[in-house]
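Assemble the complex: chain G is given as a structure, and chain Y must be docked to it using the hints.
Number of protein chains: 2
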Amino acid sequence: MAKPWATLGIDLHLEPAGTGLRRGLTDALRDAVRTGRLAPGTRLPSSRSLAADLGIARNTVAEAYADLVAEGWLTARQGSATRVADRTVTPPPDATAGPRTSAPGRAHARMPAPSRRERPRPVHDLVPGTPDLSAFPRAEWLKAARRAFLGAPHQALGYGDPRGRPELRTALAGYLARARGVRADPEHIVVCAGFVHGLQLLGRVLRARGAATIAVESYGLPRHWKQLTAAGLTTAPLPFDELGTDPAALTDEGAVLLTPAHQFPMGVPLHRDRRATVVDWARRTGGLVLEDDYDGEFRYDRQPVGALQGLEPDHVVYLGTASKSLAPGLRLAWMVLPPTLVEEVTAAKGGTDTCGALDQLTLAEFLASGAYDRHVRAARLRYRRRRDALVRALAAQAPHLEVTGIAAGLHVLLRLPPGTEQSVVQAATWQGLALHGLTFFRHEAATTPPADALVVGYGTPPDHAWAGALEALCRVLP
Amino acid sequence: MAKPWATLGIDLHLEPAGTGLRRGLTDALRDAVRTGRLAPGTRLPSSRSLAADLGIARNTVAEAYADLVAEGWLTARQGSATRVADRTVTPPPDATAGPRTSAPGRAHARMPAPSRRERPRPVHDLVPGTPDLSAFPRAEWLKAARRAFLGAPHQALGYGDPRGRPELRTALAGYLARARGVRADPEHIVVCAGFVHGLQLLGRVLRARGAATIAVESYGLPRHWKQLTAAGLTTAPLPFDELGTDPAALTDEGAVLLTPAHQFPMGVPLHRDRRATVVDWARRTGGLVLEDDYDGEFRYDRQPVGALQGLEPDHVVYLGTASKSLAPGLRLAWMVLPPTLVEEVTAAKGGTDTCGALDQLTLAEFLASGAYDRHVRAARLRYRRRRDALVRALAAQAPHLEVTGIAAGLHVLLRLPPGTEQSVVQAATWQGLALHGLTFFRHEAATTPPADALVVGYGTPPDHAWAGALEALCRVLP
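Chains as they are written, first to last, in this note's numbering: chain G, 45 to 522; chain Y, 45 to 522.
Keep in mind the hints are simulated off the structure, nothing from the lab. This one's a predicted model, so the numbers in the text were calculated from it and none came from an experiment. Where is the CB? At the ideal position from N, CA and C, for every residue including glycine. There could be a bad hint or two in this list.
Claimed, not checked - In silico EDC-like cross-links for lysine to aspartate or glutamate, where the CA-CA straight-line distance does not exceed 20 Å:
1) Y:270 with Y:488
2) Y:270 with G:488
3) Y:187 with Y:417
4) G:270 with Y:205
5) G:187 with G:417
6) Y:187 with G:184
7) G:187 with Y:387
8) G:270 with Y:387
9) Y:270 with G:205
10) G:270 with Y:388
11) G:270 with G:488
12) Y:270 with G:387
Said to hold, decoys possible - One-sided excerpt, in silico: chain G residues whose CB lies under 7 Å from chain Y:
13) 174
14) 202
15) 240
16) 244
17) 271
18) 373
19) 374
20) 394
21) 396
22) 401
Next comes chain G alone, as it looks inside the complex (with noise of 0.2 Å):
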């Protein structure tokens, strides 16, 4: 429902009802801040005339203002009425979600080493990335590795489908659809040894297919541009602005890889118009829409948005990965394929599995058991808390720096004071703090104008150094 509210004087989008009310008006207050809707120093509406103006409980709206109070959108003073805060930097060009990063072998993404490959590890890591690898089920997967291995055949061990092993497919559907919208066929999924070997994949099926440019978004990994070019495709990246990516801009590309969910690394979820426009021009020309969900389990705020592919699966490739929500260690990614696409990307694979049957057996009975969703369920929890632990300490000690894409994900952006970020990165390098700034992930060929900013990983440090973490970072805002 949308309609003026006479107490807020905007319109407001809410989800309907339910658990969901809270977060739908938490974040449409948010947006509204974001937008300049509601100016800053705006007086809100008392909680009790806002609730009874909105149909809904006071305690809602009250637990509403409290989040945006603690995300630092909002102000409350004893005493005084809640105002939008003031900021001192002008409203992000971005929304509110969150964050991500695929993978870089945080290894690759940081400085050039001594030893080739044996990178000294700083004290503090806030790269994006990388999740809580001490927060591993470890014992409750060696269970379930026991369970799976001695109930599987025989055959199981030999040379496998290309595809997969058939358990993980028919488990990774059941799941996909449930928590992603997903419309997936086990027989058009295809296990991966992780995003980048998939996109390796479909890179040389494009080119194969006689593509010779990939669009892809202005900021994201350098390492997954690096896999297209390798592939032979030049990357073009789309502009990108308040709403997100915009893919208006598509033409004959053959096609485009797009974080649609949450952008990495900017947070915001792609606007649901230009959802439509992508999802127009791949029926309209044929192109392909690579969705890249590298962490759609990890929502906080809000209903998670649901996944592109389920809008068109004949034109998307949905691609997901184990890697942020269990570990990248277990090098196991699934691609959701167009029908037409299976044939080519198995044949690329080199036609046998790439992918350990143990593992993929594991994982299939990790999610068929319910030990999936609880663990990711623990794992949302724990960093739901880090998230607000870092917005609070930002809101207390920076509390001129705005903090943006907090909603999802592992990490957010902090925008800084023009010109900062290479100097703030240097200090945090000094410091031992693993840190990278936004131009890090910002495409070579862009026309987006740069800005200063940092993205602040928040999955990697395990609990125990989680605060050092935090302190450490807060150290070198300028």
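Okay, now just chain Y, sitting in the frame of chain G:
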């Protein structure tokens, strides 16, 4: 233990004890029905008497019977004995995967219908390439996995060194030096997801270096040549004669792919003069030798032929695999590279590790603890017995046919009278015996005169099915 049970009149191979007993019994009985050792209509002993005979609980037998009745292999009517079910279709379409529904958990219960690629398996399988999967040391592997995993640092679950886990590379370096005479430095080992994956990577690197042609052997695996072609290389077969592959014709090819220790499928080692010729060529021209050491572990009658790589580590890539010694489903192989190739190969990998950390750690533990050596020794003994039984049976039943390539590996070459190969392979197919003629392995550009022969793989059938497979083979021989 495997012994004939008076009450049943057949051999059963049972796991020693514990919860696996019921499953083991169920499997053994199912296999006996499937392979025809227990004919349709056969009346089974009462659960009481079979239990007494086997020295296990009556309940275990009753449950195994119940499972097999549920699966349709046995029938039981009130007040009547349990019998082997009549089958309208003979033989049952699927040997191992389908009916084994007793064990797996939920994941398996949701298995989809057999897909396009899961072709009905023949009753007997004498196609070379897959070891006896029923002999995979599952319990030991799980134990090693547990030790390795619980002892590994968290970092092992992250984005790893693109060369593979250091634990595994170190263990491999020691093992390969000891067992195969490879000069291996862990820094120059790259773990890959099976031999085909390694070949793909090397093909791409060679192509990127400007190579246009790679020499191959007149006989080999078409799917390997296909990978090289897919990388943009032309495969040019070298002549083959009684001394094996003849490398004298090598000129300016960028590389040559060889099976020096045990030519596949002809079964001869590369003659020592020719080993020298190859190494000379490589030194002289800077060409690269790809040494496919697929079954170096299985040599029965003499000292293993050392790896060619030991002669010239700067120009030979040694490729080994766990697919024959353990199981293809692990998807673990390794390359020992000339130092100058490491960067290019890991870049072709996408700059990331491609194999699951857990399997790598487990194999490292397997190698380091001696479990790998023990397993290989036991497997060598078992395969040698099979080899001996095969040679004896052929000598008795087809003394006019020559058997060669028997000193090593998991297959032999059985020469046929001219013009008979095709009809023998066809007859085998009709009888549910999967078998390849030599023609299957001949390069289409080979100039070596064609010869009629069968390539008989004796590694694949599980122990209980081996005698039946051998009989089936003898039946189709001219």
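### Query
In ascending order, which of the hints set out earlier in this document are inconsistent with the structure?
Of the numbered hints given earlier, those the structure breaks are 2 and 7, listed in rising order.
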